[in-house]
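Sequences listed follow chains E and F, in order. Counting with our numbering, you get residues 1 to 396 for the letters of the first sequence. Counting with our numbering, you get residues 1 to 396 for the letters of the second sequence.
Treat the hints with care, as some may be off.
[Stated by the list, open to error] Okay, derived cross-link-like pairs now, SDA-like style, lysine to any residue, Cα gap no bigger than 20 Å in a straight line:
| id | chain 1 | residue 1 | chain 2 | residue 2 |
| --- | --- | --- | --- | --- |
| 1 | F | K343 | E | V222 |
| 2 | E | K343 | E | D357 |
| 3 | E | K356 | E | D9 |
| 4 | F | K343 | E | K343 |
| 5 | F | K343 | E | A213 |
| 6 | F | K343 | F | A324 |
| 7 | F | K343 | E | R216 |
| 8 | F | K343 | F | P313 |
| 9 | E | K356 | E | A323 |
| 10 | E | K343 | F | E218 |
| 11 | F | K209 | E | I215 |
In case anyone wonders, no lab produced these hints; they're calculated from the structure.
This is what each chain is made of:
There are 2 protein chains.
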Amino acid sequence: MGPGPINADPRVLRAMSAQLVGQYDPWMTRTMDETQALYREVFVTQNEQTLLVDGTSRAGIEAALVSLIEPGDRVLVPIFGRFGHLLREIAERCGAEVHVIEVPWGQVFTPEQIEEAVVRVQPKLLTIVHGDTSTTMAQPLEGIGDICARNGVLFYTDVTASLGGNTFRVDELGLDAVTAGLQKCLAGPSGSAPATFSERAVEVIRSRKSVEAGIRSEGDAVNAHPIRSNYFDLAMIFDYWGPQRLNHHTEATSMLYCARECARILVDEGLDQAVARHELHGRAMLHGLRGLGLEVFGDVEHRMNNVTAVFIPEGIDGDGARAAMLNDFGIEIGTSFGPLHGKVWRVGTMGYNARKDTVLTTLAALESVLRRGGRTVTGGGGVGAAYEVYEEAGLS
Amino acid sequence: MGPGPINADPRVLRAMSAQLVGQYDPWMTRTMDETQALYREVFVTQNEQTLLVDGTSRAGIEAALVSLIEPGDRVLVPIFGRFGHLLREIAERCGAEVHVIEVPWGQVFTPEQIEEAVVRVQPKLLTIVHGDTSTTMAQPLEGIGDICARNGVLFYTDVTASLGGNTFRVDELGLDAVTAGLQKCLAGPSGSAPATFSERAVEVIRSRKSVEAGIRSEGDAVNAHPIRSNYFDLAMIFDYWGPQRLNHHTEATSMLYCARECARILVDEGLDQAVARHELHGRAMLHGLRGLGLEVFGDVEHRMNNVTAVFIPEGIDGDGARAAMLNDFGIEIGTSFGPLHGKVWRVGTMGYNARKDTVLTTLAALESVLRRGGRTVTGGGGVGAAYEVYEEAGLS
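All chains, full assembly: derive it from the sequences and hints.
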């Protein structure tokens, strides 16, 4: 019940035990096509270029940034947590001229703050995290696509922490590039990064295309300033996933099966239903934690449905309590990074673990741990508050 | 029965269906430690920095090169097939001044050819593929470590295609950096890249260390010219796998289980036994293919044990025959890339598929396909020749 990775859905685990086939086997390429179609549903997009980057969610981020950014490009990064710093860091390593704006951890930006910076900086690319797990905040993205369109700016976001548990529709938001991961609300393991790219992003990326010497045919593109990475060269990755099937990496077959199953589970449930489930169990957890006398961190109105941060109460050894939760109750909860390290606990309710039983068990366990740590806790205060949420929702 | 990926060992597939735990769960970090120890056995090395790069084997290559190469560094790449071109391409994208030497596809280099180039170019880094699947050749690496040591050159090789099926001992060869993949003789899927680095390589990489802003503590390294990639920054990846457990990516848990099981299977069998098995079944396949009247491509003395290339005989539609193998017999064989595309078939005998039954079935099927394609083939010529090899080896 930490901020992710969490338990995977057993359907996902079983999907990975299917036997492999060759990478150009018609069944394999059909599976790739099917996975692309499923992620178009998950992302709510018509983008042809919707595919997996083979690596963890961070690999998806780097593929998007290194393929879009040419050295010297201006990039704007609004930072509201650790993963904003990561976007900055990756953009810098891509050779970008990076401009940042920051709000304190626990807050999000207003559209006006972002517009002011866009107009001032005139970047080629705006990169912002949708949900930053480090602070549990979700940045509202509504209206930012318009700001970018008006200013001729490419609009990128990473939705690893939020996808599946919070409303997110790529085309409606006017996004040009989006990356994600499986290890949060998608109920899978880390190791595959679903991503999608608008026509405008694809054009920028394709203009940088360069086919490798070992598989180059006459007339194939050779570029004097190719994308700085071969592995993350999306122009080549598009051609591998596209009808050309031009060999690039060898697709990670088991992780492909896995990513497909994650998407199937989400689409079977229905995107809106999945968001509603995360909202309900997240709210039950929030009220439950408050019922234990804990203070919620940050701007509660803007927290993600799927993770809640609370201040570690005075007098309690935060790491000791987490160890007791894990060793005595088999339940993991997290702390956070940087300025929040050792200051907060983060409790997730996501993917396969966004359930009533997991919420109630976690609250009951945490009550015991707090009491043994010397806190005065109302007996059943956490579980009771969560029950109230469930009863109100008719889930009792 | 292609050049890989091939069928995975069922033990590997089952290992991936184990439930996940959090990334700092003691069981998780123990599993990471255990995996490192297993790959030290697989690579026959004492290197502390032996770990997995989360991505396909190409990700391992890029991590090694981008972490070792600073823009402007001289790199020597002896090329004897497609994957030599890949090393050149990745080194170029890392900003290296790349020098190449080439032999025709189907041949390998003599140590003298490599020494001449090392002395002439005086590179910082020599990068060479051990086994290049595109040509089926294995470059002998004996003596090259000494040449590099004498000239103060870092020595890197990729063993994706050869590891587990051909004798390979990292420390004995004096290698500084080695990367691999699971989808060949290790009997797993693509998606995780085992890698190992000598003290000398670690020193070069650590000197370029830069800790990301989002998790930086006082006194942590900040480098004005950091490694160009964040995802492939081995200095950070070392700290994630090391006792510091400094967060970088979120380890791809299911692929970790998978990589661990691949190594366990190999260590259980014994490295020498596994090589002997690949040698035997590869030889049976070679003789069987000749028994079908097919001409073997390239310098047979230097082919890998685990894959054999034969010229597509005149009058036979190479792709049509491959389609018949797959659709009628359920057996995949491959063609190759670049100058060999459509000229040769590549038949693998690797990992879980390096077995007598798979060899004999493939030869029987290929006989039928050749005959239906209009070739005159001696009845049982392929299977008979393979049987002879098995009988000689006492495996009948």
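Tested hints:
no.: 1; hint: F:K343 to E:V222; result: 25 Å, violated
no.: 2; hint: E:K343 to E:D357; result: 27 Å, violated
no.: 3; hint: E:K356 to E:D9; result: 16 Å, holds
no.: 4; hint: F:K343 to E:K343; result: 64 Å, violated
no.: 5; hint: F:K343 to E:A213; result: 18 Å, holds
no.: 6; hint: F:K343 to F:A324; result: 17 Å, holds
no.: 7; hint: F:K343 to E:R216; result: 16 Å, holds
no.: 8; hint: F:K343 to F:P313; result: 9 Å, holds
no.: 9; hint: E:K356 to E:A323; result: 23 Å, violated
no.: 10; hint: E:K343 to F:E218; result: 18 Å, holds
no.: 11; hint: F:K209 to E:I215; result: 34 Å, violated
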